[in-house]
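Here the protein sequences line up with chains A and B, keeping their order. Counting in numbering that gives the first Met the number 0, the first sequence runs from 0 upward without gaps. Counting in numbering that gives the first Met the number 0, the second sequence runs from 0 upward without gaps.
Bear in mind the hints are in silico, worked out from the structure with no lab data behind them. The beta carbon of each residue, even a glycine, is placed where N, CA and C say it ideally should be. Treat the hints with care, since some could be wrong.
Interface residues of chain B toward chain A, partial, derived using beta-carbon atoms under 8 Å [what the hints assert, rightly or not]:
1. VAL137
2. ILE533
3. PHE536
4. ASP547
Computed cross-link-like contacts, DSSO-like style, restricted to lysine-lysine with a CA-CA straight-line distance of at most 30 Å [said to hold, decoys possible]:
5. LYS437/B <-> LYS364/A
6. LYS273/B <-> LYS273/A
7. LYS283/A <-> LYS80/B
8. LYS267/A <-> LYS293/A
9. LYS150/B <-> LYS208/A
10. LYS187/B <-> LYS305/B
11. LYS514/B <-> LYS90/A
12. LYS518/B <-> LYS506/B
13. LYS150/B <-> LYS367/A
14. LYS87/A <-> LYS518/B
15. LYS194/B <-> LYS216/B
16. LYS283/A <-> LYS344/B
Computed footprint of chain A on chain B; a stretch qualifies when at least three of its residues, placed anywhere within it, have a C-beta under 8 Å from a C-beta of chain A [what the hints assert, rightly or not]:
17. 52 to 60
18. 272 to 279
19. 556 to 568
20. 571 to 578
Single-letter residue listing:
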Amino acid sequence: MKKLLAWKNFKKLADLKITFVCLMLLFVLTLWGTFYQYNYGLYAAQKKFFHSWFFLFLDFIPFIGAKTVLLVLFVNLLAASLFRYKFKLNKLGILTIHYGLLFLILSSFYTHYASRESVIVFEEGEELNYSLDYFDSELVVYVEKAMGIREVVAYDFNSIQDGEDFYLPKFNLRITPIYFYSHSTPGNFDDQAKNASGINSLLFLPLPKERESTLPGGVFRIKQAEYGVDERILLWEGERDALALEWGGRTHYFKIQRKHYPLPFSVKLREFEKKEHFGTSIAKVYQSEILYRKGDEDYPALIAMNEPFRSDGYTLFQSSFSVDESGNERSVLATVKNRGYYLPYAASLIISLGLLIHFLIALLKRAKLKR
Amino acid sequence: MKNVLLMNFFLLVFLGNVTAQATAQAKAQAKAQTKTAPAKNDFNLDFDVSELGYLKVHEGGRVKPLDSYAEKVLLIINGKKSFQDQPAINWLAKALFTPQDVLDDKIFKTTFKEVLFALGIEPDKGRRYSFNQLSRAVEPLFSLANEAIRKEEEDRSAFDKEVIRLYQNFLLFRQVLNSFVFTQPIEKFLLENPKSRSLLGLAADREIFSYFEILLKRETFSQKINQINAKDESSLKAEEIALLSLYKDFTSFPSAFLEEPLKIFPTISGGEQKWFSAWEIFFVHSQVKNQNLIFKKLENLNNLTKAYQAKDQAKFSANLASFNEFVEATMEEESLLKGFIFRTKAEVFYNRLDPFYLATIFYGLSFLTILLYFLLNRKVLKTISWFSLLIAFLFNSLGLGIRVIISHRPPITNLFETFIFVAFIIVLLGFFLERYNKAGIGILSSAICGLVLLMISNRFISDGDTLAVLVAVLRSNFWLSTHVIAINLGYGGIVLSGVIAHLYLFKLLQKNPDKNGLKNIVRMVYASQGFGIIFTFLGTMLGGIWADQSWGRFWGWDPKENGALLIILWSSIVFHARLGGIVRDLGFIAGSIVGIPVVMLAWFGINLLGIGLHSYGFISGVAYGLVAYLLGQFLLLFVLLYIIEYRRQKPSTKKT
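Could you build the full structure based on these sequences and the hints that come with them?
Structural data, given as structure tokens:
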């Protein structure tokens with residue numbers, strides 16, 4: 000009896016009213032999250048509404064996030080497909096659409112957790128074997144071991160906690176944050192800290208709408224017991240050069256930079272071409288001619304708008320370009336690591352198939368009625 | 000931007016003199032030479048300039064007929080594609096060949112009284128002002144525009160934006176006026192000394208010449224200057240000193256006009272086209288290959304002015320034909336023609352036919368007659384309405400078709416095109432619905448949609464060229480013809496279902512509504528809504544794939560993507576609510592009506608936010624209209640539902 004009751008309860012998960020509520024909640028979240036972007040930008044909206052299980056509205060009212068809604072909707076669809084949908088040929092289209100949706104939600108969760116978006120920015124002639132995070136930064140300490148070879152330790156900037164020091168065993172280095180900001184600009188007050196570019200202090204700035212443009216920085220105290228190093232240093236991501244400190248006969252460099260992700264291959268930018276429609280500043284074409292290199296293997300490839308390059312589970316897209324103050328052009332390649340990139344394609348295919356079947360069935364019904 | 004503005008100002012002051020001189024001289028000439036010169040504000044009505052519309056010009060990244068350029072200029076400055084009920088090309092001909100005749104044309108549209116007050120211009124009933132009126136206020140106009148341009152874009156007030164717009168239009172007008180100034184005699188090329196004129200072989204009976212007249216004597220001029228330069232300065236005669244001064248002005252003159260927009264000279268280099276204005280050709284003429292031919296073509300342009308002023312139609316046509324032949328031959332030389340002549344002709348035909356204007360009229364006629372049919376129940380009215388709808392639909396389709404031919408790309412690439420395409424789809428669906436349900440509802444709903452959508456589309460042509468070139472990410476005919484079309488098919492279905500749903504509510508307000516009729520309407524709403532969600536879904540999936548191909552992610556919660564998702568979600572809510580018995584027919588109908596605001600929000604409401612990756616589709620300035628519509632729509636729905644519910648409860652109250 001108990002079992003039966005439990006079974007019945009599970010069946011209730013297939014209720015259409017749950018579907019209705021989930022769709023309503025998704026509608027509200029999507030609308031809210033879209034308008035939220037106007038003031039706070041895409042990244043903040045994604046984080047708050049779409050990539051969260053719950054969030055606080057007005058900082059104290061809990062509200063359900065899109066992840067939770069999608070999970071409930073997934074369970075609801077799964078239960079419906081197990082208990083409610085009865086296979087009939089004339090419902091084949093609708094059933095296929097719903098199974099496709101199930102697959103789509105599942106693949107969205109997979110790709111959300113399994114994919115990583117980063118970026119490669121380089122000039123003609125430059126060869127890189129790493130990509131950069133769009134938003135997150137790291138504090139790095141390195142020494143040059145040999146020509147082009149560095150011994151590097153990186154510490155996630157987001158992991159730095161107020162008043163909590165951290166230890167980098169490789170260099171036997173203890174770092175204590177004195178103050179640090181997720182977004183900052185140089186100030187005039189003299190903080191008495193060593194710095195590579197002559198910056199005296201840092202001023203807090205509110206996070207910009209375009210999170211890609213954040214410039215984190217801070218003042219830190221570094222201690223190296225073995226050589227008696229005790230320095231106050233200022234690091235800021237807007238700086239070009241790393242701060243160099245010497246001890247134990249080696250130069251140690253300190254820098255805050257966008258997180259680096261090593262690639263299993265390297266890409267060299269052979270030529271970047273940017274064409275505008277004649278007589279306008281409207282971009283007509285921009286494309287990168289690259290040389291892909293992995294071990295002994297190398298071959299050229301062209302990456303253009305709408306024509307990405309895929310290899311080793313990575314996809315490189317011509318997403319943009321930049322021109323620095325001296326007029327040097329740099330190609331910007333969005334770099335996505337996503338082994339499941341084909342999953343949404345497969346889901347789309349299933350759903351489209353369902354739509355097609357449903358459409359054909361409706362046509363047949365219409366023709367029958369006419370007869 | 001600031002520097003550009005400043006440069007423009009200096010140029011303006013300089014050119015102001017040039018045009019004023021040109022005006023004075025031309026007026027004097029007109030008095031002296033001909034009795035038939037056109038009167039001020041009068042068009043050369045008996046002179047046909049329509050062929051001039053076929054002249055090719057490179058502007059905004061593409062080659063277009065001069066006819067389109069003329070319409071664009073008038074739209075930007077005047078807010079209309081015509082002036083004084085004359086086609087744009089007639090006005091442009093007047094501006095190019097007799098610039099003195101357009102200076103008092105009230106052509107600059109502004110409705111901002113505060114701006115006029117700041118410029119010291121008396122507001123006019125027609126809300127349009129002449130170049131001469133603005134010229135008198137050019138200093139405050141420049142200083143206000145300069146002040147406005149210094150501000151960040153988001154800090155600019157409506158006043159600032161209008162001042163900038165007016166100033167830019169003023170500069171554009173000036174550029175148009177100066178495009179053919181080389182054919183006009185101006186005081187800068189004044190040679191009072193008859194001996195100087197004779198040295199160059201210029202006409203003895205005139206003292207003022209055009210730049211081009213001097214240019215034709217360039218070889219003699221060069222020789223004379225070399226001879227003069229070889230002499231001792233103290234031994235120079237008066238006519239030689241005059242020639243030296245003229246030479247200085249002559250050589251530096253074209254550099255002031257390099258920004259002139261009328262790029263009508265094609266050159267081909269390495270398979271790539273580059274187009275130059277006559278002024279640019281003057282500037283670089285020594286480097287141009289085939290100089291003799293180029294000068295002959297410049298002479299054609301000079302002759303156009305002369306022929307227009309002398310009303311010599313034959314000479315005008317012959318010179319125009321000769322110039323056009325040169326352009327086409329240059330294009331053909333490198334096989335860049337490929338249907339180019341045909342496309343130019345198609346574009347001029349499109350401009351002159353104005354198919355969407357005609358479609359709007361017939362949609363309006365169809366709507367009125369079907370309304371009368373519902374009121375008077377005369378079958379003939381329904382037939383008239385059906386035929387009017389068909390004619391409107393044919394014009395709508397023709398317009399879309401010609402645009403595809405001209406642009407060589409799928410029919411939707413900008414917001415203007417979404418409106419004309421969705422109108423086309425809705426009317427097509429309306430015909431299908433009418434075929435299965437002959438109650439006139441298909442005609443009524445699609446006629447009103449066609450009418451309203453084409454009227455809205457007009458709001459999106461104010462920047463002139465609706466066939467403009469595309470940004471790099473949009474240059475994919477495959478995705479434009481799949482994702483974009485599917486999404487717009489979806490818009491059409493949802494909007495149509497919402498409009499038909501209104502009819503359900505109006506029918507329900509009748510005393511004894513026909514139950515079968517109501518059921519039929521629900522079926523139609525159901526079908527259109529189904530069509531809408533299927534295509535929006537398909538379009539969104541295709542959009543995801545495109546985004547994955549272009550930006551590396553299938554879905555990024557970008558505002559435009561969210562807009563499409565909102566439509567799918569809302570439509571799914573409405574369907575599932577009805578299927579689950581949460582709502583009945585009335586609820587389904589009300590939900591379908593709300594579908595229209597959801598589509599509007601996704602279609603162009605989200606574009607008003609000005610954020611996200613789809614920035615190429617952003618617009619501004621229609622926010623008030625959208626908010627007014629949303630308020631009106633929800634108010635109407637609320638009132639209708641209230642009355643229906645009130646009437647439902649009334650009989651039962653009586654019984655109790």
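Outcome of the hint check:
| no. | hint | result |
| --- | --- | --- |
| 1 | VAL137 | 27 Å, violated |
| 2 | ILE533 | 5 Å, holds |
| 3 | PHE536 | 7 Å, holds |
| 4 | ASP547 | 7 Å, holds |
| 5 | LYS437/B <-> LYS364/A | 20 Å, holds |
| 6 | LYS273/B <-> LYS273/A | 17 Å, holds |
| 7 | LYS283/A <-> LYS80/B | 29 Å, holds |
| 8 | LYS267/A <-> LYS293/A | 11 Å, holds |
| 9 | LYS150/B <-> LYS208/A | 20 Å, holds |
| 10 | LYS187/B <-> LYS305/B | 20 Å, holds |
| 11 | LYS514/B <-> LYS90/A | 28 Å, holds |
| 12 | LYS518/B <-> LYS506/B | 11 Å, holds |
| 13 | LYS150/B <-> LYS367/A | 67 Å, violated |
| 14 | LYS87/A <-> LYS518/B | 26 Å, holds |
| 15 | LYS194/B <-> LYS216/B | 15 Å, holds |
| 16 | LYS283/A <-> LYS344/B | 25 Å, holds |
| 17 | 52 to 60 | holds (count 4) |
| 18 | 272 to 279 | holds (count 3) |
| 19 | 556 to 568 | holds (count 8) |
| 20 | 571 to 578 | holds (count 5) |
Hints 1 and 13 from the earlier list are contradicted by this structure; the remaining hints agree with it.
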